[in-house]
Amino acid sequence: MSAESGGENFTQYIQHHLTFWNAPLTHAGGVASIHVDTLIMSCVLGFIFLFWFWWFARKATSGVPSKGQAFVELALEFVDGQVKDAWHGSRKFLGPLALTIFFWILFMNLMDVLPVDLIPTAAEATGATHFRPVPTADVNMTFAMSLSVLVLTLFYGMKSKGVGGYLKGAVSAPFTAKNVVMKVLLAPFNILMFVIEMVTQPVSLALRLFGNIFAGDLLFMLIAGLMVHFLSLWWPIGVIGYVAWSFVELLIILIQAFIFMYLSVTYIAMAQQHH
Amino acid sequence: MGVLAINATLIGEVIAFLIMLSITLKFVWPPLMRAIEERQQKIAEGLEAADRAHKELAEADTRAADEVKKARAEAASIIERANQQAGQIVDKARTDALAEAARQKAQAQADIDNMAHRARAELRGQVATLAVQGASKILGREVDAGTHKALLDDLVAGI
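Protein chains in written order, with the working numbering: chain L, 5 to 279; chain V, 6 to 164.
Any given hint could turn out to be false.
As the list claims (entries may be wrong) - BS3-like cross-link-like pairs, simulated, lysine-lysine; straight-line CA separation at most 25 Å:
1) Lys31/V - Lys71/L
2) Lys71/L - Lys110/V
3) Lys182/L - Lys88/L
4) Lys31/V - Lys63/L
5) Lys182/L - Lys165/L
6) Lys154/V - Lys163/L
7) Lys63/L - Lys47/V
8) Lys97/V - Lys96/L
9) Lys47/V - Lys88/L
10) Lys60/V - Lys74/V
11) Lys75/V - Lys96/L
12) Lys97/V - Lys88/L
13) Lys110/V - Lys97/V
14) Lys75/V - Lys97/V
Unchecked claim - Pulled a few chain L residues facing chain V out of the computed Cβ check, cut under 7 Å:
15) Ile38
16) Leu54
17) Asp121
Since the hints were made in silico from the structure, they are not lab data.
For every residue, glycine included, the Cβ atom is placed at its ideal position computed from N, Cα and C.
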């Protein structure tokens, strides 16, 4: 195998792994198409999480808990504690929200540490043209969650201050003044700040998660691709590198899931706070 | 490469997210939270009961100690009284015995005196008879007791 064709194969390998299983909904495709792989993987993983928790919630007892129930309760209390730190109201909604966000993202991120070719090979054997197994490495997934959080942020802000009160806060803060003229002069800047806040929150939330997981995923692809196409005789080095990066990636996976959950709760809590 | 392509997947994922969230809201969070809170309640009650039992035990201990002390004091007083009574009984028995002994002694003395007196009287009677008989033999004739009654009485009194 010459270095030239090795390079071509390598590029093809990476590109193949970066291509979604795209299904156009109309002839035009483009925006009106879906990533079948992202939808399948996210729903399967989401329902694994839900089934796991529901299984123990179904027969939850206030007596001595089974080991499985104790673990699920531990996870629940961890999330509940995090919400409690940021939010001082009822956690009947924000608790389940944080739990869903944390575990769904965690499960989707975990697909990253599976061997890069495992799920795509299996999927392509059953008919998919391409398959990307890590849904959080798809901006559609991360933006879907961050925009949902944005809607909840606006909803909670308006719920606690009333629609008028919330809009008044957007116009009169963070720059405040005593007299009317100054208030009117500062209003555009306040509105600008509010818009910037409302844009940066979901964008940063979505891109942080996407960037971290995508980068990790890409590194796995690069290690695997390099080993296959250039250094196949030195494959033990590739295995060591792969395992080493898996440990780092596991940490990133956990931290990113936690950050997404924590920031979502914080944004909603901030919206509810009175300026 | 279309890595950052935004398309209808986003809407699908929003729907999926809302479905997951509503399932968690309804079927996962409430039963688990209820179980946790009920257990916390139970543990709190258990701890409180343990505290109470501890306190009650301490109280029972002091009560028991009091009872023992009281019982001991009572036992001591009973023994004291018993000792006194025993002394009294012994004393009474002694005085009774002494009195009885004295009485019996007096009785015996009286009997003795009585018997001696009777014997003396009997002897005296016999002496008179013997004397009369002796005298009749000596005089050869019968001494009429009636005639010499005064003499005989005198003689008997002299014995």
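Hints, verified against the model:
no.: 1; hint: Lys31/V - Lys71/L; in the structure: 23 Å, holds
no.: 2; hint: Lys71/L - Lys110/V; in the structure: 101 Å, violated
no.: 3; hint: Lys182/L - Lys88/L; in the structure: 35 Å, violated
no.: 4; hint: Lys31/V - Lys63/L; in the structure: 15 Å, holds
no.: 5; hint: Lys182/L - Lys165/L; in the structure: 21 Å, holds
no.: 6; hint: Lys154/V - Lys163/L; in the structure: 159 Å, violated
no.: 7; hint: Lys63/L - Lys47/V; in the structure: 18 Å, holds
no.: 8; hint: Lys97/V - Lys96/L; in the structure: 93 Å, violated
no.: 9; hint: Lys47/V - Lys88/L; in the structure: 22 Å, holds
no.: 10; hint: Lys60/V - Lys74/V; in the structure: 21 Å, holds
no.: 11; hint: Lys75/V - Lys96/L; in the structure: 61 Å, violated
no.: 12; hint: Lys97/V - Lys88/L; in the structure: 90 Å, violated
no.: 13; hint: Lys110/V - Lys97/V; in the structure: 19 Å, holds
no.: 14; hint: Lys75/V - Lys97/V; in the structure: 32 Å, violated
no.: 15; hint: Ile38; in the structure: 5 Å, holds
no.: 16; hint: Leu54; in the structure: 5 Å, holds
no.: 17; hint: Asp121; in the structure: 18 Å, violated
In the structure shown, a violation is registered for the earlier hints numbered 2, 3, 6, 8, 11, 12, 14, 17, in ascending order.
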